[in-house]
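There are 2 protein chains.
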Amino acid sequence: MNCVFGIDIGGTEVKIGKFRDGELVLKTSIKTDTSDGGRRILTDVFQKIEELSLGEKITGIGIGVPGPVTKGVVNGAQNLGWGRVEAEALIRERYPEARVKVLNDANAAAIGEMAAGSASRYRDFVFVTLGTGIGGGIVIGGEVLEGTTGAGGEIGHMQVAYDKKRLCNCGNYDCFERYASATGLVITAKELAEGRKTRLHEVGFSAKTIFDLAKDGDEVAGEAVDMMVDTLAKALANIAAVLNPEAFIIGGGVSKAGDFLLDKLAKRFREVCFFAVRETEFALARLGNDAGIFGAAHVASK
Amino acid sequence: MNCVFGIDIGGTEVKIGKFRDGELVLKTSIKTDTSDGGRRILTDVFQKIEELSLGEKITGIGIGVPGPVTKGVVNGAQNLGWGRVEAEALIRERYPEARVKVLNDANAAAIGEMAAGSASRYRDFVFVTLGTGIGGGIVIGGEVLEGTTGAGGEIGHMQVAYDKKRLCNCGNYDCFERYASATGLVITAKELAEGRKTRLHEVGFSAKTIFDLAKDGDEVAGEAVDMMVDTLAKALANIAAVLNPEAFIIGGGVSKAGDFLLDKLAKRFREVCFFAVRETEFALARLGNDAGIFGAAHVASK
Chain A
-18 MNCVFGIDIG
-8 GTEVKIGKFR
2 DGELVLKTSI
12 KTDTSDGGRR
22 ILTDVFQKIE
32 ELSLGEKITG
42 IGIGVPGPVT
52 KGVVNGAQNL
62 GWGRVEAEAL
72 IRERYPEARV
82 KVLNDANAAA
92 IGEMAAGSAS
102 RYRDFVFVTL
112 GTGIGGGIVI
122 GGEVLEGTTG
132 AGGEIGHMQV
142 AYDKKRLCNC
152 GNYDCFERYA
162 SATGLVITAK
172 ELAEGRKTRL
182 HEVGFSAKTI
192 FDLAKDGDEV
202 AGEAVDMMVD
212 TLAKALANIA
222 AVLNPEAFII
232 GGGVSKAGDF
242 LLDKLAKRFR
252 EVCFFAVRET
262 EFALARLGND
272 AGIFGAAHVA
282 SK
Chain B
-18 MNCVFGIDIG
-8 GTEVKIGKFR
2 DGELVLKTSI
12 KTDTSDGGRR
22 ILTDVFQKIE
32 ELSLGEKITG
42 IGIGVPGPVT
52 KGVVNGAQNL
62 GWGRVEAEAL
72 IRERYPEARV
82 KVLNDANAAA
92 IGEMAAGSAS
102 RYRDFVFVTL
112 GTGIGGGIVI
122 GGEVLEGTTG
132 AGGEIGHMQV
142 AYDKKRLCNC
152 GNYDCFERYA
162 SATGLVITAK
172 ELAEGRKTRL
182 HEVGFSAKTI
192 FDLAKDGDEV
202 AGEAVDMMVD
212 TLAKALANIA
222 AVLNPEAFII
232 GGGVSKAGDF
242 LLDKLAKRFR
252 EVCFFAVRET
262 EFALARLGND
272 AGIFGAAHVA
282 SK
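Residue numbers (our numbering), protein chains in the order written: chain A, -18 to 283; chain B, -18 to 283.
Among the clues, some could well be false.
Below, a list of computed lysine-lysine pairs in the DSS-like style, where the Cα atoms sit at most 25 Å apart [as the list claims (entries may be wrong)]: (1) B/Lys248 x B/Lys283; (2) A/Lys248 x B/Lys29; (3) B/Lys145 x A/Lys145; (4) B/Lys8 x B/Lys237; (5) A/Lys196 x A/Lys29; (6) B/Lys248 x A/Lys145; (7) B/Lys189 x A/Lys145; (8) B/Lys29 x A/Lys146; (9) B/Lys29 x B/Lys8; (10) A/Lys196 x A/Lys178; (11) A/Lys248 x B/Lys145; (12) B/Lys145 x A/Lys245; (13) A/Lys196 x A/Lys145; (14) B/Lys52 x A/Lys146; (15) A/Lys145 x B/Lys146; (16) A/Lys146 x B/Lys8; (17) B/Lys145 x B/Lys171; (18) B/Lys171 x B/Lys245.
Coverage of chain B stretches by chain A, computed from C-beta distances (three or more under 8 Å per stretch; other residues unrestricted) [claimed, not checked]: (19) 141 to 155; (20) 257 to 269.
Calculated directly from the structure, the hints in this document are not laboratory data.
Built from N, CA and C at the ideal position, the CB exists for glycine as well.
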């Protein structure tokens, strides 16, 4: 029997999926050992997949990593302690007969949603992850757009305001992830809540509480969500004017707000976008945290 | 002998180039007959290329049209009087043995600059035309990005302001072409010139006079150019955060301002962009009005 491994290396754990014919047959995870410049991470992965292969032939290994990747070379992954790592070459050395692919984790997730999730109807779409920050994976003609330095799809660092109000980790002000991510939503809600009545003061400020209370009619929470949606819609409208994709797939922790978020977003997008892209479709991601292993396995299976 | 025709259909004239082995050997133009829904345009083109072929075998016909194109179908070209026209199929009917390609004119120009102009070193770049409006042609892996409805690269309709100050032809406010095109530059200069001393009041307001006076140290003209450059740099920074291209190629009438514009633009871009795309290169387009016929011939030559 043949098998393919789809792996998603994160800063705290490495998710590992074993696939046969595109089907996930086994899933596990190991701790990410970031000590010593993360030099044991790949060795730990090798050990685990050999254990899990049970003597079957490993025909493909796909790995998603949290950093820019171009042509199989990781150009720094801070959360892993990695600088430049020729990951694909290292893995090929160990598994010369397998199809080996290394790609950025957001891009892996995008491909995962195409292979087994809610983007299965699309070949040209933008996967948007709304979490602590905002990431993106751009798929054109079924292929990931890596970008010249691996920064393709770094959409969270587009700007939709220029007031120098919110400093971003990247050093710029007003990147749109400072407004439309979970973090951004909480900042906005706290600003709006000052001196006003809202149950957020009791339950605490998180993306979840804000969305829950917004659904419940809390005025401040509702305004915060609307401001987040407005910024997100404008950024996606700008992306659509560039790429004219078939669809936006919305994932990441904040997407748990579900149709409440999706409907508001699609509506606001249609109000602000260029008319020729008004039919762009919207869907929620479906694979959650498994998207990465599905995508990594997919690119290693072709 | 074999020949390929590269054709650029505009609202007033049709440019026709005859190529052998990628070399332009003959160039002419005919009037665009937009009467009667533009139904004679293609027939006129057929007649002209047969006359110009001089009995040589026509192995390829590429045509750029001023409107959205997807998979060889023109989805409306207002300046030609065209609605939906299955252009590629119509041309193939007449020339069954030729390689036939129909594409958007800005995309044809982008490919032209790659085939024979200043983008020859690149396979991933964005061609930006600064004219009455702002158009774009996105090339990824050497191929044009058409977009789902043919609106790929309609970058002029990205927004970098949301003050509802300037109405765009598309119906939206504050599309960035209302600020960074020739038209936008003139509007800005007129606003800035009100009640102030500037030689623009004598020589008149045009993109050319504004750039000429800015080079000459005229304060108002200089401010207008800086505002235009600022908006353009911000829009290109947003595009770069999405696509991470190798380069931006700047064309269109306004690009005649040359290195004076290009240097300011590259400098401002590096100030405002996401750090990971700071090395994006800038170059001036080189083929001017011939870019379209070169690009059309190129895609029909492969």
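Now for the hints, and whether the structure bears them out:
Simply put, lysine 248 of chain B and lysine 283 of chain B have alpha-carbon atoms about 37 Å apart, too far for the 25 Å limit, and the pair is violated. For the proposed pair lysine 248 of chain A and lysine 29 of chain B, the alpha carbon gap of about 49 Å is over 25 Å, so the pair is violated. Of the pairs offered as hints, the one joining lysine 145 of chain B and lysine 145 of chain A holds, with about 20 Å between alpha carbons and a cut-off of 25 Å not exceeded. Our distance criterion of 25 Å between C-alpha atoms is met by lysine 8 of chain B and lysine 237 of chain B, whose separation comes to about 22 Å.
Taking the CA atoms of lysine 196 of chain A and lysine 29 of chain A, the gap is about 44 Å. The hint is violated against a cut of 25 Å. For the proposed pair lysine 248 of chain B and lysine 145 of chain A, the alpha carbon gap of about 19 Å is at most 25 Å, so the pair holds. Between lysine 189 of chain B and lysine 145 of chain A the alpha-carbon distance is near 33 Å, which puts this suggested pair outside the 25 Å criterion. Proposed proximity of lysine 29 of chain B and lysine 146 of chain A is contradicted: the alpha carbons are some 60 Å apart, above 25 Å.
With a C-alpha separation of about 11 Å, the suggested pair lysine 29 of chain B and lysine 8 of chain B falls inside the 25 Å cut-off, and the hint holds. With a CA separation close to 16 Å, the supplied pair lysine 196 of chain A and lysine 178 of chain A stays within the 25 Å bound. At most 25 Å may separate the alpha-carbon atoms for a hinted pair to count; lysine 248 of chain A and lysine 145 of chain B meet this at roughly 19 Å. About 22 Å separates the Cα atoms of lysine 145 of chain B and lysine 245 of chain A, which keeps this hinted pair within 25 Å; it holds.
A distance of roughly 31 Å separates the Cα atoms of lysine 196 of chain A and lysine 145 of chain A; the hinted pair therefore is violated under the 25 Å criterion. Straight-line distance between C-alpha atoms of lysine 52 of chain B and lysine 146 of chain A comes to about 44 Å, which puts the hinted pair past the 25 Å bound. For the hint pairing lysine 145 of chain A with lysine 146 of chain B, the CA-to-CA distance comes to about 21 Å; that is within 25 Å, so the pair holds. Taking the CA atoms of lysine 146 of chain A and lysine 8 of chain B, the gap is near 55 Å; set against the 25 Å cutoff, the hint is violated.
Restraint check for lysine 145 of chain B and lysine 171 of chain B: the C-alpha separation of about 18 Å stays at or below 25 Å, so the hint holds. Between lysine 171 of chain B and lysine 245 of chain B the CA atoms are separated by roughly 21 Å; this keeps the pair inside 25 Å, and the hint holds. Taking a C-beta to C-beta cut-off of 8 Å, the stretch 141 to 155 of chain B contributes 5 residues in contact with chain A, enough for the three needed, and the coverage statement holds. For the stretch 257 to 269 of chain B, the stated coverage by chain A is satisfied: 4 residues place a CB nearer than 8 Å to a CB of that chain, which reaches the threshold of 3.
When each numbered hint is compared with the structure, violations occur for hints 1, 2, 5, 7, 8, 13, 14, 16.
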